[in-house]
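Q: Those protein sequence lines, which keep their order, are chains A and B.
For the first sequence, the working numbering begins at 1 and goes up steadily by one.
For the second sequence, the working numbering begins at 1 and goes up steadily by one.
A portion of the hints provided could be inaccurate.
[To be verified] Pair ranges (Cβ atoms, derived):
1. A:Val92 with B:Thr133: 37 to 45 Å
2. A:Arg69 with B:Pro246: 47 to 55 Å
3. B:Asp436 with A:Leu4: 36 to 44 Å
4. B:Gly266 with A:Leu22: 34 to 42 Å
5. B:Asp394 with A:Gly6: 22 to 30 Å
6. A:Leu22 with B:Leu507: 43 to 51 Å
7. A:Met41 with B:Ser24: 37 to 45 Å
8. B:Leu429 with A:Val92: 23 to 31 Å
9. B:Val485 with A:Leu22: 45 to 53 Å
Derived by calculation from the structure, the hints in this document are not laboratory data.
These figures come from a predicted structure and were not determined experimentally.
Beta carbons: idealized from backbone N, C-alpha and C, even for Gly.
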Amino acid sequence: MMSLVGPVRRAAPVASRIVAALFGGYALAALGSVAALALPMSKPQAVLTGMLASFAIYAAAVVWVFAARSALRAWAGLLAAAAPLLLAAWSVW
Amino acid sequence: MTTDNVKRERAQRPAGRGIRQSMSGLHIWAGLLMGWILYAMFLTGTVSYFKDELSQWMRPELAHQAELPDPALVAQRVADELGAIAPGSPQWSMRLPDGRTNSVYAFWRMAPGEAGAAPGRRAFGEAAFDPTTGGKVTARETLGGDFFYRFHFQFHYMPVLWGRWIAGAAAMFMLVAIVSGVITHKKIFIDFFTFRGGKGQRSWLDAHNALSVFGLPFHAMITYTGLVTLMALYMPWGERTAITTPAERQQLTAELNAFIQPGKPGGQTAPLASVADMVRQAQERWGQDAVGRVTATNSGDSTARVAVARGEAGRVSMSPQYMLFDGPTGRLLETREGVGAAAETRGVLYALHLGRFGDTVTRWLYFLVSLMGTAMVGTGLVMWTVKRRQKLSDPERPHIGFRIVERLNIASIAGLSVAMTAFLWGNRLLPAGMADRGAWEIHLFFAVWALTLAHAVLRPARTAWIEQLWAAAALLALLPVLNAVTTDRPLWHSVAEADWVFAGMDLMCLSLAALHAVLALRTARHRPKPRAVPAKARGGVIGGALEEGRS
Numbered sequence: 001m002m003s004l005v006g007p008v009r010r011a012a013p014v015a016s017r018i019v020a021a022l023f024g025g026y027a028l029a030a031l032g033s034v035a036a037l038a039l040p041m042s043k044p045q046a047v048l049t050g051m052l053a054s055f056a057i058y059a060a061a062v063v064w065v066f067a068a069r070s071a072l073r074a075w076a077g078l079l080a081a082a083a084p085l086l087l088a089a090w091s092v093w
Numbered sequence: 001m002t003t004d005n006v007k008r009e010r011a012q013r014p015a016g017r018g019i020r021q022s023m024s025g026l027h028i029w030a031g032l033l034m035g036w037i038l039y040a041m042f043l044t045g046t047v048s049y050f051k052d053e054l055s056q057w058m059r060p061e062l063a064h065q066a067e068l069p070d071p072a073l074v075a076q077r078v079a080d081e082l083g084a085i086a087p088g089s090p091q092w093s094m095r096l097p098d099g100r101t102n103s104v105y106a107f108w109r110m111a112p113g114e115a116g117a118a119p120g121r122r123a124f125g126e127a128a129f130d131p132t133t134g135g136k137v138t139a140r141e142t143l144g145g146d147f148f149y150r151f152h153f154q155f156h157y158m159p160v161l162w163g164r165w166i167a168g169a170a171a172m173f174m175l176v177a178i179v180s181g182v183i184t185h186k187k188i189f190i191d192f193f194t195f196r197g198g199k200g201q202r203s204w205l206d207a208h209n210a211l212s213v214f215g216l217p218f219h220a221m222i223t224y225t226g227l228v229t230l231m232a233l234y235m236p237w238g239e240r241t242a243i244t245t246p247a248e249r250q251q252l253t254a255e256l257n258a259f260i261q262p263g264k265p266g267g268q269t270a271p272l273a274s275v276a277d278m279v280r281q282a283q284e285r286w287g288q289d290a291v292g293r294v295t296a297t298n299s300g301d302s303t304a305r306v307a308v309a310r311g312e313a314g315r316v317s318m319s320p321q322y323m324l325f326d327g328p329t330g331r332l333l334e335t336r337e338g339v340g341a342a343a344e345t346r347g348v349l350y351a352l353h354l355g356r357f358g359d360t361v362t363r364w365l366y367f368l369v370s371l372m373g374t375a376m377v378g379t380g381l382v383m384w385t386v387k388r389r390q391k392l393s394d395p396e397r398p399h400i401g402f403r404i405v406e407r408l409n410i411a412s413i414a415g416l417s418v419a420m421t422a423f424l425w426g427n428r429l430l431p432a433g434m435a436d437r438g439a440w441e442i443h444l445f446f447a448v449w450a451l452t453l454a455h456a457v458l459r460p461a462r463t464a465w466i467e468q469l470w471a472a473a474a475l476l477a478l479l480p481v482l483n484a485v486t487t488d489r490p491l492w493h494s495v496a497e498a499d500w501v502f503a504g505m506d507l508m509c510l511s512l513a514a515l516h517a518v519l520a521l522r523t524a525r526h527r528p529k530p531r532a533v534p535a536k537a538r539g540g541v542i543g544g545a546l547e548e549g550r551s
């Protein structure tokens, strides 16, 4: 089992980024689409606005994850972006 | 990356190059992992801009429509027919013919408990109707151009939801590939004007860049709007959170489409008032040829209602505009022509993707730029192998990853052309009375595609490319001949009658045949150039000097 440690340690940051991009990105976009409900417009329009914007959020999150200098910073950035969205979503939940 | 690696890399690279490197890697991976699926989506999407013409071509029994029949009368005829074949149907809907279709496509919901519909489960019937008689068309059973259209966003042989999710994932990868491609491409404007021919990988890169950059507004738009068309599926969370009552759901749905939901049937029969009159009122409001769709709920019941919706041509939005009539009396209940801002934005984006608002010139523009987008994906995939081939330690025995990409490229690019043409050949050759004929045309498509994959694996790669491109060229070139032999609508007839659907189809086949022939010839003539590699990498001063002298 010792021979797996090296390769796993090297692959871990990339794997972490892939997870952050695929799932973290989607989660951020989904969160954004719910946060949009806090916008000052009628419910149907807010729902649609959230959907429309979500893909831009997702793409931006993916770009961030791979542009960040480390996997840790990638995750930190996602969480930092999620915080205000979480606040907004919480207010309408 | 661990911090040690990061420090070492930053010491080795000049500062500020990091993001272009990382975006280049992201671009290559995002493009490669979904490239084959994206190529198929792009090509089937491209031909879908002419799906109505394709459908006409695939039903040669239906005569060329020189002039449009009166939409009001057509609507009445088909409404009567639907009343006869689907009595008690909670909802039916028909699409009126326009300049590009010569049949009426309609679908209807089966009444609960009707034969074939399990209780509680909704089942739909669908058919194409003759506008002049109202009866079902007596043309060969085929899905027509709608096969490529549906494949484009939901593929086949799988539940439609799975297909749409795969398409959505592919579209997200495409969006990321576009964004990362732009970021990595710093000299985006200079490189737009650069094409260095005959330089192997450099030429492929230039071609890829030119195709990508020139059509960039389109590619970015088509990708984002593609996601928007199915956004309710991909991002339902806001809706799930905010829309909780049926009334709220109804409010949201009304912003998105003109489908009126049937209420509970009253139980008293009442014949539908004149549908033709309803359509005429809509024509007065929007224009003679501006009526697109007629939908009825609980037709034949006292609670029946009819919605006449505006057509898609001539307005750049899919947001619903319709006139709602009371079924039994024909009285106008409501005219709906506006939706909220976000809904209208979604309507415009949806319309931009479908391109149905356009006239012929616009449609051709869409087709050509979309074809460029297809070539963008294709050149990207090929470039991957061209680039990697230089780096192979033993070109005779490439590693498994390279081999997989190389063979999938052949079947996904050249093979798809062969398969799509085979689909059209099947349309002309399969017997008219054959059971499930429409399904078998599709089986043929996939069988031929699978054969091209087998061929791509069994033959040497370069030979496989050339043979498949020639096969596509031959099948395309002979399709007009096959058409002339198996139908009474050969090219010279179509031109003489100004039937530009059939004539255009034949001419398009010949043009595409020429394109594939050119590609086959260029591939046959192409000899991969060895890249000038530094001597020490090539393992010898003499070897290195020889290499450097050659290119």
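Q: Enumerate the violated hints, using their earlier numbering and listing them in ascending order.
A: Structure breaks hints 1, 3, 4, 8.
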